[in-house]
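Quick note, the sequences are listed as chains A and B, same order. If you count by the numbering used here, then the first sequence holds residues 1 to 115, one letter each, in order. If you count by the numbering used here, then the second sequence holds residues 116 to 229, one letter each, in order.
It should be emphasised that the hints constitute simulated quantities derived from the structure, not laboratory data. Do not take every clue at face value.
Under the rule of at most 27 Å between Cα atoms (straight-line distance), these lysine-lysine pairs were calculated in the BS3-like manner [to be verified]:
| id | chain 1 | residue 1 | chain 2 | residue 2 |
| --- | --- | --- | --- | --- |
| 1 | A | Lys-114 | B | Lys-134 |
| 2 | B | Lys-133 | A | Lys-114 |
| 3 | B | Lys-168 | B | Lys-134 |
| 4 | B | Lys-134 | B | Lys-151 |
| 5 | A | Lys-73 | B | Lys-155 |
| 6 | B | Lys-151 | B | Lys-133 |
| 7 | B | Lys-153 | B | Lys-134 |
| 8 | B | Lys-134 | B | Lys-155 |
| 9 | B | Lys-133 | B | Lys-153 |
| 10 | B | Lys-134 | B | Lys-124 |
| 11 | B | Lys-137 | B | Lys-124 |
| 12 | B | Lys-133 | B | Lys-168 |
| 13 | B | Lys-168 | B | Lys-151 |
| 14 | B | Lys-156 | B | Lys-134 |
| 15 | A | Lys-78 | B | Lys-155 |
| 16 | B | Lys-155 | B | Lys-168 |
| 17 | B | Lys-156 | A | Lys-73 |
| 18 | A | Lys-78 | B | Lys-156 |
Covered by chain A, per the in silico footprint, the following chain B stretches (three or more residues, Cβ under 8 Å) [to be verified]:
| id | segment |
| --- | --- |
| 19 | 132-145 |
| 20 | 200-211 |
In this text, all values refer to a predicted model and were calculated from it rather than measured experimentally. Virtual Cβ for every residue (Gly too), placed ideally from N, Cα, C.
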Amino acid sequence: AQTVTQSQPEMSVQEAETVTLSCTYDTSESNYYLFWYKQPPSRQMILVIRQEAYKQQNATENRFSVNFQKAAKSFSLKISDSQLGDTAMYFCAFMNPSNNNDMRFGAGTRLTVKP
Amino acid sequence: DTEVTQTPKHLVMGMTNKKSLKCEQHMGHRAMYWYKQKAKKPPELMFVYSYEKLSINESVPSRFSPECPNSSLLNLHLHALQPEDSALYLCASSPGLGSQETQYFGPGTRLLVL
Chain A
1 AQTVTQSQPE MSVQEAETVT LSCTYDTSES NYYLFWYKQP PSRQMILVIR
51 QEAYKQQNAT ENRFSVNFQK AAKSFSLKIS DSQLGDTAMY FCAFMNPSNN
101 NDMRFGAGTR LTVKP
Chain B
116 DTEVTQTPKH LVMGMTNKKS LKCEQHMGHR AMYWYKQKAK KPPELMFVYS
166 YEKLSINESV PSRFSPECPN SSLLNLHLHA LQPEDSALYL CASSPGLGSQ
216 ETQYFGPGTR LLVL
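Please model the entire structure based on the sequences and the hints provided.
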């Protein structure tokens, strides 16, 4: 079974600064996908970024980028130029496409961006 | 358009009531999912439908009954729920099952069982 671990329950960052959220996972699969979702107080789950395990290049989406270390099973999220709207719960997720897209989430990291 | 809609937004029900949650998407997606999210916890997968057929049932109690009448709609029928079933119920959809299939979530239904 796959497990996802987010070791930082809460983090805070000053507006315009950079912050990195950590995520590790455990799996015996070779083909899988990793995601970061954010969940603001409205509770809507919003996709932030996606990484395919077979790709060595780290995914980037505007101010969001990941550091994917496959051998170490690590998948951290870097948010640059933090904005007040980035305040949310961030979930790291592992998806197994060979098992009907079964997706497992980490416990989440609550990020607060301070003005 | 990556919109998944869910109704109702909020639901309060007694333990003897029967109610239904609805989820709809018009993105042409062929896979749909139900998740349950307790307060301050991550979402947990309940059911997966692919091409209107149940693919995964994560050992969910029978008081939760999913239904996929067509590729755009997903229902969750509720009967004889317990107070511990109070949670946010999230629906998601993806183009299909397999590689490169990102799941897009609806806003959820907040359920309170009295």
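Evaluation of the provided hints:
1. A:Lys-114 with B:Lys-134: It is violated: about 42 Å lies between the C-alpha atoms, which goes past 27 Å.
2. B:Lys-133 with A:Lys-114: Roughly 44 Å between the alpha carbons, so the hint for Lys-133 of chain B and Lys-114 of chain A is violated.
3. B:Lys-168 with B:Lys-134: holds (22 Å)
4. B:Lys-134 with B:Lys-151: With Cα atoms ~16 Å apart, Lys-134 of chain B and Lys-151 of chain B stay inside 27 Å; holds.
5. A:Lys-73 with B:Lys-155: Holds, at roughly 25 Å.
6. B:Lys-151 with B:Lys-133: Distance ~18 Å between Lys-151 of chain B and Lys-133 of chain B Cα, so the pair holds.
7. B:Lys-153 with B:Lys-134: Distance ~19 Å between Lys-153 of chain B and Lys-134 of chain B Cα, so the pair holds.
8. B:Lys-134 with B:Lys-155: Given that 27 Å is the threshold and the Cα spacing comes to 25 Å, the pair holds.
9. B:Lys-133 with B:Lys-153: Holds, at about 21 Å.
10. B:Lys-134 with B:Lys-124: holds (13 Å)
11. B:Lys-137 with B:Lys-124: holds (10 Å)
12. B:Lys-133 with B:Lys-168: Holds - the C-alpha atoms of Lys-168 of chain B and Lys-133 of chain B are around 23 Å apart, at most 27 Å.
13. B:Lys-168 with B:Lys-151: holds (20 Å)
14. B:Lys-156 with B:Lys-134: It holds: about 24 Å lies between the C-alpha atoms, which stays within 27 Å.
15. A:Lys-78 with B:Lys-155: holds (23 Å)
16. B:Lys-155 with B:Lys-168: Distance ~31 Å between Lys-155 of chain B and Lys-168 of chain B Cα, so the pair is violated.
17. B:Lys-156 with A:Lys-73: holds (23 Å)
18. A:Lys-78 with B:Lys-156: holds (22 Å)
19. 132-145: n = 0 at 8 Å, threshold three: violated.
20. 200-211: n = 4 at 8 Å, threshold three: holds.
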